[in-house]
Amino acid sequence: MRFYHIALFLFIFQTFGAIFTDYAPYMGLNATLYIDKLTPQALQQVEEIKQEVAPEEELTATDPIQAALGWFYQQLSNIANRLFSATFPLIRYVAWIPFYLMAIGVPSEFAWGIFSVVMIIQVIGFFEFVTGRPIEK
Amino acid sequence: MKQGKFFDSLLYAFAQAGVSSSIFYLFLTLISSGLIYIRTRSPSMVSLSLILLGAIILPYVEPTVALYFYGIIVVGFALGVYSLARAW
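Same order as they appear, the protein sequences are chains A and B. For the first sequence, our numbering assigns the number 1 to the initial residue and increments by one for each residue that follows. For the second sequence, our numbering assigns the number 1001 to the initial residue and increments by one for each residue that follows.
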């Protein structure tokens, strides 16, 4: 159950780190985590890629059945996108570690690499917690 | 020994090597916590020392190094809660 104990520590570290991030200014701690925001240049790049992959003028269907199917598909994908983007504020509670590492000067690839290892350990630890079976033999 | 001379003498070697005083305090915090662990073998004492030293030194260092102390406080807090969880 070694992974379970490491995962337990990482989970506590992740959760309390996120709570600290929220309450640090009220506790008189002046250190802040700088979380990267999407720049206008990055947004423009996204729009360019969207136009390249699926240009808007080619999306109009002539067949009515195809158009209706397309409309329903669009509604479904809108709902899915809305639900998915509603979870975005939670990212700072789950994924503050890579942003913190980036803030102290760790390259972003390395920071996300560390975070992916953390998440793998947490998943294995959760599996051990649920099944009660050590899998690291 | 006059007040402050002891730390000045410790800082002098770091200043000669081009290391800032904030980084020196960072080393001091980590080394003292390591010594506390060697002496007491207790994760709770280490977590207490990390939280207290981090919180004491944090307001006096520049914002870039303050982030390291912020991380130290969080690690200390998580270590304390983890040791409590293990004991429970």
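Certain hints may be false.
So the derived label-pair ranges between C-beta atoms look like this [claimed, not checked]:
#1 GLY1034(B) - PHE88(A): 56 to 62 Å
#2 ILE49(A) - SER1042(B): 27 to 33 Å
#3 GLN45(A) - THR1040(B): 53 to 59 Å
#4 THR1040(B) - ARG133(A): 44 to 50 Å
#5 GLN51(A) - GLY1034(B): 55 to 61 Å
#6 ILE79(A) - TYR1060(B): 49 to 55 Å
#7 SER1021(B) - PRO89(A): 37 to 43 Å
#8 PRO89(A) - SER1044(B): 32 to 38 Å
#9 SER1020(B) - PHE129(A): 49 to 55 Å
#10 SER1042(B) - SER77(A): 51 to 57 Å
#11 LEU90(A) - ALA1017(B): 40 to 46 Å
To give an idea of the interface, some chain A residues facing chain B are shown, with a C-beta separation under 10 Å as derived from the structure [what the hints assert, rightly or not]:
#12 LEU8
#13 PHE9
#14 LEU10
#15 ILE12
#16 PHE13
#17 GLY17
#18 PHE20
#19 THR21
#20 ILE104
#21 SER108
Over the 12 Å line for every Cβ pair with chain B, so calculated as not near, a few chain A residues [said to hold, decoys possible]:
#22 HIS5
#23 LYS50
#24 GLU57
#25 THR60
#26 PHE88
#27 ILE97
#28 LEU101
#29 PRO107
#30 MET119
Simulated from the structure, these hints should not be mistaken for lab results. These numbers were taken from a predicted model, which means no experiment stands behind them. Cβ coordinates follow ideal geometry from the N, Cα and C atoms, glycine included.
Hint-by-hint comparison with the structure:
Restraint check, GLY1034(B) to PHE88(A): a C-beta distance of roughly 39 Å breaks the suggested window 56 to 62 Å. A beta carbon spacing of about 54 Å between ILE49(A) and SER1042(B) contradicts the range 27 to 33 Å that was offered as a hint. Taking the beta carbon of each, GLN45(A) and THR1040(B) are about 54 Å apart, inside 53 to 59 Å as hinted. Between THR1040(B) and ARG133(A) the Cβ separation comes to about 35 Å, which falls outside the hinted range of 44 to 50 Å.
In this structure the hint that GLN51(A) and GLY1034(B) lie 55 to 61 Å apart at CB holds, the actual value being about 56 Å. Against the hinted window of 49 to 55 Å, the Cβ-Cβ separation of ILE79(A) and TYR1060(B) comes to about 51 Å, which satisfies the hint. In this structure the hint that SER1021(B) and PRO89(A) lie 37 to 43 Å apart at CB holds, the actual value being about 38 Å. A beta carbon spacing of about 34 Å between PRO89(A) and SER1044(B) agrees with the range 32 to 38 Å that was offered as a hint.
Between SER1020(B) and PHE129(A) the CB atoms are about 43 Å apart, so this pair departs from the stated range of 49 to 55 Å. Separated by about 55 Å at the C-beta atoms, SER1042(B) and SER77(A) satisfy the suggested range of 51 to 57 Å. A beta carbon spacing of about 44 Å between LEU90(A) and ALA1017(B) agrees with the range 40 to 46 Å that was offered as a hint. Taken as an interface hint, LEU8(A) checks out: its beta carbon lies about 7 Å from the nearest beta carbon of chain B, inside 10 Å.
Below 10 Å, beta-carbon pairs count as interface contacts, and PHE9(A) has one with chain B at about 5 Å; its hint therefore holds. Nearest Cβ of chain B to the Cβ of LEU10(A): about 8 Å, under the 10 Å cut. The hint holds. Because the beta carbon of ILE12(A) sits about 5 Å from the nearest beta carbon in chain B, less than 10 Å, this interface hint is met. Because the closest C-beta pair between PHE13(A) and chain B is about 4 Å apart, less than 10 Å, the hint holds.
A cut of 10 Å between beta carbons decides the hint on GLY17(A): the least distance to chain B is about 4 Å, and the hint holds. Taking 10 Å as the C-beta cut-off, the interface hint given for PHE20(A) holds, the closest approach to chain B being about 5 Å. For THR21(A), the suggested interface contact is upheld, since its CB lies about 9 Å from the closest CB of chain B, less than 10 Å. The interface hint given for ILE104(A) is met, as the beta carbon of that residue sits about 5 Å from the closest beta carbon of chain B, less than 10 Å.
Taking 10 Å as the C-beta contact cut-off toward chain B, the hint placing SER108(A) at the interface is violated, the least distance being around 16 Å. At roughly 8 Å, the least C-beta separation between HIS5(A) and chain B is not larger than 12 Å, which violates its mark as non-interface. No beta-carbon of chain B comes within 12 Å of the beta-carbon of LYS50(A); the shortest separation is about 36 Å. Distance check on GLU57(A): its Cβ is at least 48 Å (rounded) from any Cβ of chain B, clearing the 12 Å threshold; non-interface status holds.
No beta-carbon of chain B is positioned within 12 Å of the beta-carbon of THR60(A); the least distance is around 51 Å. The claim that PHE88(A) lies off the interface holds: its Cβ sits roughly 23 Å from the closest Cβ of chain B, which is beyond the 12 Å cut-off. Residue-level check failed: ILE97(A) sits 10 Å from the nearest beta carbon of chain B, not beyond 12 Å. Distance to chain B contradicts LEU101(A) as a non-interface residue, since its nearest Cβ pair spans about 9 Å, not more than 12 Å.
Distance to chain B confirms PRO107(A) as a non-interface residue, since its nearest Cβ pair spans about 16 Å, more than 12 Å. The claim that MET119(A) lies off the interface holds: its Cβ sits roughly 17 Å from the closest Cβ of chain B, which is beyond the 12 Å cut-off.
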